[in-house]
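Line order of the protein sequences matches chains A and B. Counted the way the working numbering counts, the first sequence spans residues 1 to 208. Counted the way the working numbering counts, the second sequence spans residues 1 to 229.
The set of hints was computed from the structure by calculation and includes no laboratory data. Be aware that one or more of the hints could be misleading.
[As the list claims (entries may be wrong)] A few chain B residues facing chain A, derived, Cβ under 7 Å:
hint, residue
1, R26
2, R28
3, T91
4, T93
5, A94
6, V98
7, A101
No residue lacks a Cβ here, since even glycine has one placed at the ideal position from N, Cα and C.
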Amino acid sequence: MPTTIRAEGLARSWGERRIFSGISLFGERGVIGVAGENGSGKTTLLKILALLLRPDSGSVRVETDGRELSGDSRRRAVGWAGPDLAFYDELSAAENLTFFRTAGGLPAPAADIRDRLARVGLAPAAGRGVGAFSTGMKQRLRMAFATLFDAPILLLDEPMIGLDAEGRAVVSRTIEERRATGPVLLASNDPRDFERADQVIVLPPPAP
Amino acid sequence: MSVAGSSSFLARAWSVCAKDAAVELRRRVASASVLFFAAACLTLVSFAIGPFGVPPDARETVCSALLWVVLFFSAATGLPRAFVREEESGTATALRLVSPAAPILAGKTLFNFFLFIAIALVTAPAFALLLGWRIAAPWAMCGVLLLAGFGLSVVSTFLSALVARASHKSVLFVLISFPIVAPLLLSAIAATVAASRGDVPWTAMRVLVAYDGAAACGAYLLASAAWDE
Numbered sequence: 001m002p003t004t005i006r007a008e009g010l011a012r013s014w015g016e017r018r019i020f021s022g023i024s025l026f027g028e029r030g031v032i033g034v035a036g037e038n039g040s041g042k043t044t045l046l047k048i049l050a051l052l053l054r055p056d057s058g059s060v061r062v063e064t065d066g067r068e069l070s071g072d073s074r075r076r077a078v079g080w081a082g083p084d085l086a087f088y089d090e091l092s093a094a095e096n097l098t099f100f101r102t103a104g105g106l107p108a109p110a111a112d113i114r115d116r117l118a119r120v121g122l123a124p125a126a127g128r129g130v131g132a133f134s135t136g137m138k139q140r141l142r143m144a145f146a147t148l149f150d151a152p153i154l155l156l157d158e159p160m161i162g163l164d165a166e167g168r169a170v171v172s173r174t175i176e177e178r179r180a181t182g183p184v185l186l187a188s189n190d191p192r193d194f195e196r197a198d199q200v201i202v203l204p205p206p207a208p
Numbered sequence: 001m002s003v004a005g006s007s008s009f010l011a012r013a014w015s016v017c018a019k020d021a022a023v024e025l026r027r028r029v030a031s032a033s034v035l036f037f038a039a040a041c042l043t044l045v046s047f048a049i050g051p052f053g054v055p056p057d058a059r060e061t062v063c064s065a066l067l068w069v070v071l072f073f074s075a076a077t078g079l080p081r082a083f084v085r086e087e088e089s090g091t092a093t094a095l096r097l098v099s100p101a102a103p104i105l106a107g108k109t110l111f112n113f114f115l116f117i118a119i120a121l122v123t124a125p126a127f128a129l130l131l132g133w134r135i136a137a138p139w140a141m142c143g144v145l146l147l148a149g150f151g152l153s154v155v156s157t158f159l160s161a162l163v164a165r166a167s168h169k170s171v172l173f174v175l176i177s178f179p180i181v182a183p184l185l186l187s188a189i190a191a192t193v194a195a196s197r198g199d200v201p202w203t204a205m206r207v208l209v210a211y212d213g214a215a216a217c218g219a220y221l222l223a224s225a226a227w228d229e
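Excised from the complex, chain A in its bound form (with noise of 0.2 Å):
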């Protein structure tokens, strides 16, 4: 059985201000598009689906055969990437991905951290500091960052920022690859980003 995401019920205000409430979504497979105005909520939402930040009410939960997943294995089940995902600048792109499966709990190969750099057409920058790579460089090392511990679910607010061509096609064949093993969801203000979405949950304006 695959795993899911079960959300039910969310709701999260950013001080007296009520940016969304009563949220529910189901992932088994495919893509879910999350789409809404700028302040609708859509990064917030992500965060709230990958445990980064706790709902006001409501809840999440990531299964796998009926059973809740916890710890560690909650974490390694969903991928996130978004526009504020930093590295470290003094590291390279291979020490950055390295240093985050070691601490993640798992081995890093250096081969394994060179296939997922070139995965992300990162190769020929493996060795060079995060510090000096580009706005489209960094994305590309996000999309490896999500995909570092092969999580069944993923989480990807506005993945295609800053991305020339060959960059928004590797994001395009990440989310092809995933969407037949598990739910992808996609936060995005473009509606071309949606154009192979399964659903699309656009969240309400927010409140003035």
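Chain A is fixed; fit chain B onto it per the hints.
Chain B in isolation, oriented as in the chain A frame:
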């Protein structure tokens, strides 16, 4: 915790420590500021007091207190950066995604401990030399530096995680840390006085061991509350 669990914990903690060391070796921000602060303090103290500025009967007490003032404030310029840097650079998000809080805290504590030892290795001999201060039991002194340095590293790292997302980090860190480290510093000063007289300060060292144990247990149990949202 199982054997596999504890080995995974140690491997994770070590990877965080090694990463912090690699970043520090390439940036040299914390080590440079800490060593500069220590050098400035040493210069001021040695010019102001010098080898003959303290009466012989008060020598051990004054020199011990001054040494720990220099060590504490030198450490306070570098050790609290452990988690603050992760929040400021945005790398905290990636860390939270891959690991629970406890191994990260342990790794950063280890790195801060090594940093403190480096500070002490430079500062303590230079301090003794400039003030003409002879420590009669140097091995006991090493034990005191290790025990007090570990306690200081644990508390500084934990408080760094606690204040990392606060708006007035530096002020908050000093306000919270002073009452918590005061017993540690007082015991360290008492132990240093005894070591400089040639005694082995068993009582003060037992207090330091108890402090270290309590601080490490508290930090481990509260790591998630301090670091996670």
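Here is how each hint holds up against the structure:
{"no.": "1", "hint": "R26", "result": "holds (4 Å)"}
{"no.": "2", "hint": "R28", "result": "violated (10 Å)"}
{"no.": "3", "hint": "T91", "result": "holds (5 Å)"}
{"no.": "4", "hint": "T93", "result": "holds (6 Å)"}
{"no.": "5", "hint": "A94", "result": "holds (6 Å)"}
{"no.": "6", "hint": "V98", "result": "holds (4 Å)"}
{"no.": "7", "hint": "A101", "result": "violated (12 Å)"}
Consistency note: the structure conflicts with the earlier hints numbered 2, 7.
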